[in-house]
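**Student:** Here are the chains, one letter per residue:
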Amino acid sequence: MKLRTFLVLSGLSFVLFVAVNLISWQLPLAIPQSAAAGKLVWQHHNCISCHTLFGNGGYVGEDLTHIVAKYSSSELVTYLVNPPVMRPNKHTLHPALSEPDAEQLVTYLEYVRTLPTLGWPPQPEKAGDYR
Amino acid sequence: MKLLRSLALAARPVQPEPHFRAQQFSRIYCLTAAGLFALQAIVAMLGALDLVIPDLPSPIPFEYGRAIHLGLAEMWPLIATMGMVYFFVTAELKREIYSPRLARWQFWLALAFTLSIYGTLALRIGNGREFLDGLPVLYLGLCSTLAVAVYNLLRTLLASGKQVTPAAVTMTVGMVFLLLLLLPNTIHYSNPIADEATKFWVVHLWEEMAFELTSAGFIAAFFITSGIAVRSQVEKWLYLEASFAVAAGLYSTGHHYYWIGFPAIWLAIGSLVSLLQVIPVGMLVHMTYKGLKAAKLTSKREKLTLWLVLSSLFYHVTGASLLGLLITVPWVNLYMHGTYVTSGHAHLALFGSLGFVVLAGCYYILSRGSEPSSRGYKAAVVAVVLLNVGLVIMGSALIVAGTLQSYLWRFLGNSFMQVSAVINPYLILRVLGGSLFALGDLLLFGVLFGAWRQTKAHPVGKP
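Protein chains in written order, with this note's numbering: chain A, 5 to 135; chain B, 10 to 472.
A portion of the hints provided could be inaccurate.
[What the hints assert, rightly or not] Capping the alpha-carbon separation at 20 Å, the derived lysine-lysine pairs in PhoX-like fashion look like this:
(1) B:Lys299 to B:Lys245
(2) B:Lys245 to B:Lys171
(3) B:Lys171 to A:Lys6
(4) B:Lys312 to B:Lys387
(5) B:Lys312 to B:Lys302
(6) B:Lys245 to A:Lys6
Simulated from the structure, these hints should not be mistaken for lab results.
What you are looking at is a predicted structure, and each value in this text was computed from that prediction instead of being measured.
Just chain A, same shape as in the assembly:
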C-alpha cells in the first residue's frame, strides 16, 4: 500500500465517521431548558464519578439512567436535599444539593429516561428484590 492510498483512506474514513455521528446523535425530542440546566448540575457536582448514566461512569452508586422509573420525583428531590449516610460508610453523607439544583437534576434524569437506549438496562430474568 502506498502513502497516498493510506492518507486518502484515512481521511475519507474520518469524514464519513463524523458525518454518520452527526446524524446518529440527533435527539428524538429537543432537550427542555430546565433539563439542560439539570445536565449542568449533574456535571457541576461530578455525579459521573460515582454513578453511571447509560452505563458509563463510576460504579460506587447505582446506575441512574432509569432511576425515575423506580422513585418519584419528590422522593428523589428529598433524597438530594436531605441526603442520607452512604452505606457502607457510617458517617459520610451523600453530597447535598440545593432544592432548585435538585429539581433541575431530576428534570434532567426524567429527560434521560425518554432517550431510546435499545432495551438497556436489561430487565431481570427472574423476580428479585430489584428495589
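Let chain A serve as the given structure and place chain B on it in line with the hints.
**Tutor:** Showing chain B alone in chain A's frame:
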C-alpha cells in the same frame, strides 16, 4: 533516593550515537511522563482503598480523585507520545525537526496545561465529564500544544520530500488524529447523546486508533533498529496495518454507542467492525514472532525494551482483543455493560496494551547511550514482573466482580447494594493487585530516572 542513585550509577555509558536536538527534548517529555505514571499509581491506590475502607478521610474527595486518576491515564501516555514521536521521526528521517524551539515550547505548554488540569481538579474545579474532567479552556490549551506538534511534524515531513518513511508518516498521522479527536471535547454539549459519543472519541479512539498509529511507528522503528525485522518487510505492511487501525478503530467506536441513544444499526456496526480490529494486532504479533525466531538480541537495553513491548502485545491480544471482542457481542454487553467487567477490560487494554508500549519507548529513549548494569537490569525485570502480576490480579479481580454483578444484579435482579456487598472481597483483591502494580511502577520509575541521570552525565554526541 539512594536506590535511584545506585540505579543511575549502575548504568554504563556506551559508544555515542548521532542525535538531534528534538531527540534531546524528547528525553524531558519521557521523564515527565514517567513521573506522571508514578503519580498515577499512587492516586489510583488511594482511590481503590477509598472504595473498601468506609469513611476513609481524604483531602481530595473520591469523585475528584477518580477524575484525576482517569485524566492521568490519558495524559501521561500523551506526553510520552509527544516525545517518542519527535525522537523516532527525526531518527527515521535522519534530519532535525523543523523547529526545535517550537518542540521545546510545546513541552512547557503541555506540562503547564496538564498540571493546571490536575491542580484545579484537586481544588474541586472541573466540568464533570468522565475521563475529560477539567476546565474546557485547559483542554483547548492541550489542543494548541498538539497543533504545534502537528505543524512541526508536517513541516519536517514536507522538508524531507521523498525521503519520508512509513513509520514517520504513521506517527505523524497519529498525532493529527489526537488533535482532531480532542478538539470536539473542548465545547459543552446540552445533548447528552452527543456528549457521550464525543467522549469516546478520546476514550476509545485515542487509544485504539491514534495511539495505535504512534505505537506502530515506534515498534516498527525499534524492530528495524534492533534487527528484529528488516526495513523492507516492515514498510511493506505498515501502511496496510495503519489503514486497518484507522478504519476499524473509527467504526468499532460503535460498541460504545450501543446503549447511549444511537440508532440500532450501531449494534451491527460496532460488533462487526470490532472483529476487524484484531487484524492489525495479528499482523504485529506475526511479525514479532518471525523476528524473534530469527534475531538474537545481545544488548540488555534492547532486551528490556523488548520485554515491555512483549508485555504490551500480551495485553493487546488478551485484555484488548479477546476480552474486548467477547464484551462487544451485544447480547453479552447488554448484561456486562456498566459493571466492573468494563473496568477490568479498561485496565488491561488501556494500561496493558498502550501503557507498556509507551514505557518501552520511554526506556529506550532515556537509556540511549548507555547499557544497564546487571543490577539495574535485574531491578528493571523485577519491575516489569511486578507490573504484569499486579495488573493481571487487578484485571482478574475486576472481571470476576463484574461477572458477579452481571449475573446477580443485572440478570437475577438482586439489589445493587446487596450485590455490592458480595463483590467487596474482589475489590480488596484489586487493592492487593494494585499494590504490586504500584510497587513495580515506582521501581520502574527509579530505573527510568537512573537511566536519565546516567545519560545526562554522559551526553551523546551531535552529528
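**Student:** Now, for every hint given, state plainly whether the structure supports it.
**Tutor:** Structure-based check of all given hints:
no. : hint                 : result
1   : B:Lys299 to B:Lys245 : 15 Å, holds
2   : B:Lys245 to B:Lys171 : 16 Å, holds
3   : B:Lys171 to A:Lys6   : 12 Å, holds
4   : B:Lys312 to B:Lys387 : 12 Å, holds
5   : B:Lys312 to B:Lys302 : 14 Å, holds
6   : B:Lys245 to A:Lys6   : 9 Å, holds
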